[in-house]
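*Asks:* This is what each chain is made of:
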Amino acid sequence: MPEFLADPSVLTKEKLKSELIANNVSLPGGEQRKDVYVQLYLQHLTARNPPAPAQPDFSSDEEREQTPLSARNRGAASGRKATKKTDKSRSEEKDDLDITELSNEDLQEQLVKYGLNPGPIVATTRKLYEKKLLKLMEQGPDLKAPLPLPEISSTVENTRQNGSNDSDQYSDNEEDLTTDLRLEKREPLKTRTKTPVALKQRRVIEHNQTFSQDGVTETVWTSGSSKSGPLQAFSRESTRVSRRTPRKRVEATAQLPVDDAVISESTPIAETILTASNKTLVVNRVPGNFKHAAPTLSISELSDMPRRTPKKPLMTAEVLDRTTEEQRAERDILKEMFPYEVSTPTGISASCRRPIKGAASRPPEHSDFNMEESFSKYLPKYGTSTDIKPEKPPTKKERSIPLWIKVFLFVVVSVFLFLVYQSMETNQGNPFSKYMNIVSQGGTK
Amino acid sequence: STTSQKHRDFVAEPMGEKPVGTLAGIGDVLGKKLEEKGFDKAYVVLGQFLVLRKDEELFREWLKETCGANAKQSRDCSGCLREWCDAFL
Numbered sequence: 001m002p003e004f005l006a007d008p009s010v011l012t013k014e015k016l017k018s019e020l021i022a023n024n025v026s027l028p029g030g031e032q033r034k035d036v037y038v039q040l041y042l043q044h045l046t047a048r049n050p051p052a053p054a055q056p057d058f059s060s061d062e063e064r065e066q067t068p069l070s071a072r073n074r075g076a077a078s079g080r081k082a083t084k085k086t087d088k089s090r091s092e093e094k095d096d097l098d099i100t101e102l103s104n105e106d107l108q109e110q111l112v113k114y115g116l117n118p119g120p121i122v123a124t125t126r127k128l129y130e131k132k133l134l135k136l137m138e139q140g141p142d143l144k145a146p147l148p149l150p151e152i153s154s155t156v157e158n159t160r161q162n163g164s165n166d167s168d169q170y171s172d173n174e175e176d177l178t179t180d181l182r183l184e185k186r187e188p189l190k191t192r193t194k195t196p197v198a199l200k201q202r203r204v205i206e207h208n209q210t211f212s213q214d215g216v217t218e219t220v221w222t223s224g225s226s227k228s229g230p231l232q233a234f235s236r237e238s239t240r241v242s243r244r245t246p247r248k249r250v251e252a253t254a255q256l257p258v259d260d261a262v263i264s265e266s267t268p269i270a271e272t273i274l275t276a277s278n279k280t281l282v283v284n285r286v287p288g289n290f291k292h293a294a295p296t297l298s299i300s301e302l303s304d305m306p307r308r309t310p311k312k313p314l315m316t317a318e319v320l321d322r323t324t325e326e327q328r329a330e331r332d333i334l335k336e337m338f339p340y341e342v343s344t345p346t347g348i349s350a351s352c353r354r355p356i357k358g359a360a361s362r363p364p365e366h367s368d369f370n371m372e373e374s375f376s377k378y379l380p381k382y383g384t385s386t387d388i389k390p391e392k393p394p395t396k397k398e399r400s401i402p403l404w405i406k407v408f409l410f411v412v413v414s415v416f417l418f419l420v421y422q423s424m425e426t427n428q429g430n431p432f433s434k435y436m437n438i439v440s441q442g443g444t445k
Numbered sequence: 001s002t003t004s005q006k007h008r009d010f011v012a013e014p015m016g017e018k019p020v021g022t023l024a025g026i027g028d029v030l031g032k033k034l035e036e037k038g039f040d041k042a043y044v045v046l047g048q049f050l051v052l053r054k055d056e057e058l059f060r061e062w063l064k065e066t067c068g069a070n071a072k073q074s075r076d077c078s079g080c081l082r083e084w085c086d087a088f089l
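Going line by line, the protein sequences match chains A and B.
Heads up, the final residue of the first sequence is numbered 445 in this note's numbering, and it's a clean run with no missing numbers.
Heads up, the final residue of the second sequence is numbered 89 in this note's numbering, and it's a clean run with no missing numbers.
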């Protein structure tokens with residue numbers, strides 16, 4: 001065929017190869033990327049195209065540089081689904097470096113500069129890493145050192161279910177803070193085996209302590225607040241992580257500019273790093289309880305990748321340890337806040353239910369009567385509405401509310417019936433006297 | 001549970017020479033596409049996953065590029081491989 005395509009990327013790699021071979025173009029050895037063949041095709045074959053655009057030397061260079069870009073763009077867009085974002089990102093100006101021209105080692109270097117830890121850059125992985133580098137470069141050539149920002153396009157898709165809904169974008173610091181605080185107030189000392197609650201509790205500790213003492217908390221709070229964003233995001237992530245399918249990771253979380261030596265580790269360990277750094281914060285505040293806990297936990301967490309289902313029991317055990325430590329700390333604070341509450345491990349205090357006198361084989365004894373008790377016992381018998389006292393102490397709020405309603409309604413209905421009965425007129429005599437008179441009159445006639 | 005039967009079956013034992021269609025998320029169509037590209041056995045796809053340092057996100061992107069898997073399919077596949085690695089690697 002004398003006519004050669006101007007856009008060879010519509011052909012498959014095999015077709016490209018065969019076309020090149022058919023036109024006596026020497027192919028590079030081994031399996032190359034399609035772009036290589038595209039370039040060769042353009043170089044040798046499109047140039048021979050009769051109506052081909054004029055190709056003086058300087059412009060052919062430009063074309064060669066641009067067309068692979070655009071070809072890749074078009075190829076990517078046409079072949080696959082939602083790669084439009086990457087199209088846009090690629091068509092934007094790249095900096096001084098042309099990423100496709102980078103060697104594997106250079107590409108790796110560039111990725112490392114952004115804090116990534118790329119795997120081997122091989123034929124199959126090169127394209128992915130090029131794309132990643134492009135994204136990173138566009139997101140900020142100045143942000144190289146500490147903050148590899150999450151990939152928005154891919155991460156947004158990868159929420160839900162297996163991905164476990166992490167890696168949402170981390171806005172809404174305040175909302176999370178308030179919800180966390182609310183959660184904490186409702187269930188102050190409940191232990192949960194999930195890391196995020198532990199984290200939230202810890203954060204609330206920080207908050208509580210900031211409220212109580214002003215002096216030292218400034219630094220803690222500021223550092224805490226700077227971390228609160230990613231922390232909450234992380235906790236939100238990990239809630240969902242631990243919820244059912246503990247996948248999806250935190251490589252998306254922003255790394256924190258904290259100078260822990262640990263943070264130089266790769267992003268998959270960012271989770272553990274965050275928890276470790278969080279713990280160090282708390283250690284400042286509550287030295288006794290946490291110091292021994294923190295190093296063991298950080299070590300164990302570093303060695304263990306959380307969110308694996310087989311290793312979940314390990315995680316929960318550790319979390320339990322952590323949470324019991326925290327409870328001790330929390331109890332100190334909460335004792336201040338609620339001095340009259342009974343202190344129990346779970347925060348639920350239930351007193352023994354008094355046996356109901358006068359019920360099932362328990363004869364009432366007058367010596368035991370309180371005024372309050374008598375009312376509650378006589379109520380069901382007489383149906384008079386008096387002060388209703390709870391039979392059980394009011395801690396079991398869950399059940400007493402419907403019980404109240406039931407008793408009240410019963411009383412209302414019984415009172416109503418009683419009044420109806422009372423309001424009825426008392427008729428003297430035989431209701432059938434009228435008829436008897438009629439009959440007797442009829443009889444006499 | 002939120003894992004499919006296919007996932008559970010795959011993760012239950014070493015993959016050996018299982019074809020790529022036994023991976024969770026990879027059905028007939030995707031399996032064929034992968035085979036065309038040379039990924040005819042599950043272990044070859046595993047190889048790609050490992051070369052990407054078990055980075056699920058990158059792997060999902062690769063899968064999307066290679067065979068056109070959608071988000072759910074790629075998620076299922078990456079999760080399946082990751083669990084397999086946890087269990088056997």
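Please note that the accuracy of each hint is not assured.
[As the list claims (entries may be wrong)] Calculated lysine to aspartate or glutamate pairs in the EDC-like style (CA-CA distance at most 16 Å, straight line):
1) K37/B with E31/A
2) K127/A with E31/A
3) K127/A with D86/B
4) K17/A with E31/A
5) K13/A with E36/B
6) K72/B with D86/B
7) K18/B with E35/B
8) K13/A with D35/A
9) K64/B with E36/B
10) K37/B with E138/A
11) K18/B with D40/B
12) K13/A with D28/B
13) K15/A with D35/A
14) K6/B with D28/B
15) K37/B with D9/B
16) K15/A with D40/B
17) K33/B with E14/A
18) K127/A with E105/A
19) K406/A with E425/A
20) K113/A with E138/A
21) K33/B with D9/B
[Claimed, not checked] Residues of chain A placed beyond 10 Å of chain B at every Cβ, according to the derived structure:
22) A22
23) Q43
24) A47
25) V112
26) L128
27) I333
28) L403
29) I405
30) K406
31) V407
32) F408
33) V412
No lab work stands behind these hints: they were computed from the structure.
Computed from a prediction, not measured in an experiment: that's the story for all the values here.
C-beta: ideal position from N, C-alpha, C; glycine also.
*Asks:* Out of the numbered hints, which ones does the structure contradict?
*Replies:* 3, 6, 10, 12, 15, 16, 19, 21, 26
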